[in-house]
Amino acid sequence: MPSTKVIEEGGYETRGLYAGGVGFFSAKAEEVVVEAVTKLAREAGRPERQSAE
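When you read off a place in the sequence shown, starting at 1, and then add 155, the result is the number in our numbering.
Wrong hints could be hidden among the right ones.
Claimed, not checked - With a cut-off of at most 27 Å between alpha-carbon atoms, the simulated DSSO-like pairs for lysine-lysine come out as follows:
{"#": "1", "residue 1": "K194", "residue 2": "K183"}
{"#": "2", "residue 1": "K183", "residue 2": "K160"}
{"#": "3", "residue 1": "K194", "residue 2": "K160"}
Claimed, not checked - Here are the simulated distance ranges between beta carbons:
{"#": "4", "residue 1": "V187", "residue 2": "G165", "range": "14 to 22 Å"}
{"#": "5", "residue 1": "A191", "residue 2": "V161", "range": "13 to 21 Å"}
{"#": "6", "residue 1": "F179", "residue 2": "P202", "range": "31 to 39 Å"}
{"#": "7", "residue 1": "R204", "residue 2": "T159", "range": "15 to 23 Å"}
{"#": "8", "residue 1": "T193", "residue 2": "E164", "range": "20 to 28 Å"}
The hints are simulated quantities; they were obtained by calculation from the structure and are not laboratory data.
Idealized CB from N, CA, C, for every residue including glycine.
Construct the entire structure; sequences and hints are all you get.
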């Protein structure tokens, strides 16, 4: 999955998946996936990491 930065820059990585009717990646895809994984990790009892930014 391309990052928001890569999607903004363009290029072949941003084209997404065509099989099964999936299309282009949204610029919010990275944010949605990170939030979902963070939520699942929290529910599993994993400690939260500090952002690298």
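Next item on the list: Please name the hints from earlier in the document that this structure breaks, with their numbers sorted from lowest to highest.
Entry: No hint contradicted; all consistent.
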